[in-house]
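Participant: Input sequences plus hints: build the corresponding full structure.
Below, each chain spelled out in residue letters.
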Amino acid sequence: DAGVIQSPRHEVTEMGQEVTLRCKPISGHNSLFWYRQTMMRGLELLIYFNNNVPIDDSGMPEDRFSAKMPNASFSTLKIQPSEPRDSAVYFCASSPREPGELFFGEGSRLTVL
Amino acid sequence: AQSVTQLGSHVSVSEGALVLLRCNYSSSVPPYLFWYVQYPNQGLQLLLKYTTGATLVKGINGFEAEFKKSETSFHLTKPSAHMSDAAEYFCAVRGQGAQKLVFGQGTRLTINP
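Residue numbers (my numbering), protein chains in the order written: chain H, 11 to 123; chain F, 289 to 401.
Calculated from the structure, these hints are not laboratory results. Backbone N, C-alpha and C define an ideal beta-carbon position, used for all residues, glycine too. Be careful, since some hints might not be right.
Label pairs and their calculated CB-CB ranges [said to hold, decoys possible]:
1. H:A82 - F:T343: 33 to 43 Å
2. H:N40 - F:E359: 31 to 41 Å
3. H:E24 - F:E354: 43 to 53 Å
4. H:P106 - F:Y327: 21 to 31 Å
5. H:R74 - F:Q333: 27 to 37 Å
6. H:P80 - F:K357: 24 to 34 Å
For the chain H half of the interface with chain F, some residues (derived, Cβ under 10 Å), not all of them [to be verified]:
7. S41
8. L55
9. D66
10. F101
11. G110
12. L112
13. F114
14. E116
15. G117
Facilitator: Structural data, given as structure tokens:
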């Protein structure tokens, strides 16, 4: 079975540009999570979906960040406009029902210049 | 509410020595407990999990962890460290009925030759 698939793996962009990160969860999983990882702040949960519905977006840093899950097999995380402090590795993870362990993608490394 | 504390952000052991990574949790409901490993430039990979039943859980790569309810601990051990074990390790908790995992801050394991 294919795991969680994220694209792009690496993105370098300039401040002010729009960035879209994409995720395809594992088929049959009902929850999807977006995390951000930095040296300073570690692993942070940004938002998660249950059955394609956003449940908790309290970790989204500010209005520049938005996430969507139009169907069970696709999600996006968008940053507009991007800033240098958004540079991080962004992980997508999906999970089945109980006990709900997470299956992580390889991550998207974002560098904003 | 759930929380996780990993004691020691960095642990260094010699090759062949015992590995012990400490994790304490708090949970208002019976917990599910997880250990993840992250190798450089990769996503997090599930090492092992405790859900119900036997409190000693065996995982991949020779690791195991014991759920001790009285001590609210879930320490990760491996009898003999290998160079390939060098990575970052994350402990996580999820309360039964809760939807998201709560991660610890991670412990970076270094193996000395």
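Participant: Have a go at the G110 of chain H hint: is there a Cβ in chain F nearer than 10 Å to its own Cβ?
Facilitator: holds (6 Å)
Participant: If you check the beta carbons of R74 of chain H and Q333 of chain F, does the distance land in 27 to 37 Å?
Facilitator: Given a distance of about 31 Å, which is inside 27 to 37 Å, the answer is holds.
Participant: Can S41 of chain H be said to touch chain F, with a Cβ gap under 10 Å?
Facilitator: holds (7 Å)
Participant: Mind checking the CB of D66 of chain H against every CB in chain F and telling me if the closest is under 10 Å?
Facilitator: holds (7 Å)
Participant: If you take the shortest Cβ to Cβ gap from G117 of chain H to chain F, is it below 10 Å?
Facilitator: holds (5 Å)
Participant: Quick check on L55 of chain H please, does its C-beta sit within 10 Å of some C-beta on chain F?
Facilitator: holds (6 Å)
Participant: Any CB of chain F closer than 10 Å to the CB of E116 of chain H?
Facilitator: Cβ of E116 of chain H sits 5 Å from chain F, so the hint holds.
Participant: Does 24 to 34 Å hold as the CB distance between P80 of chain H and K357 of chain F, or does it fail?
Facilitator: violated (42 Å)
Participant: Measuring from beta carbon to beta carbon, are E24 of chain H and E354 of chain F in 43 to 53 Å?
Facilitator: With a Cβ separation near 50 Å, E24 of chain H and E354 of chain F satisfy 43 to 53 Å, so the hint holds.
Participant: If you take the shortest Cβ to Cβ gap from F114 of chain H to chain F, is it below 10 Å?
Facilitator: holds (4 Å)
Participant: Honestly, do A82 of chain H and T343 of chain F meet the 33 to 43 Å range at C-beta?
Facilitator: holds (35 Å)
Participant: Given the hint of 21 to 31 Å, check if P106 of chain H and Y327 of chain F actually sit that far apart at their C-beta atoms.
Facilitator: holds (24 Å)
In summary, the structure is inconsistent with hint 6 from the numbered list given earlier, while agreeing with all the others.
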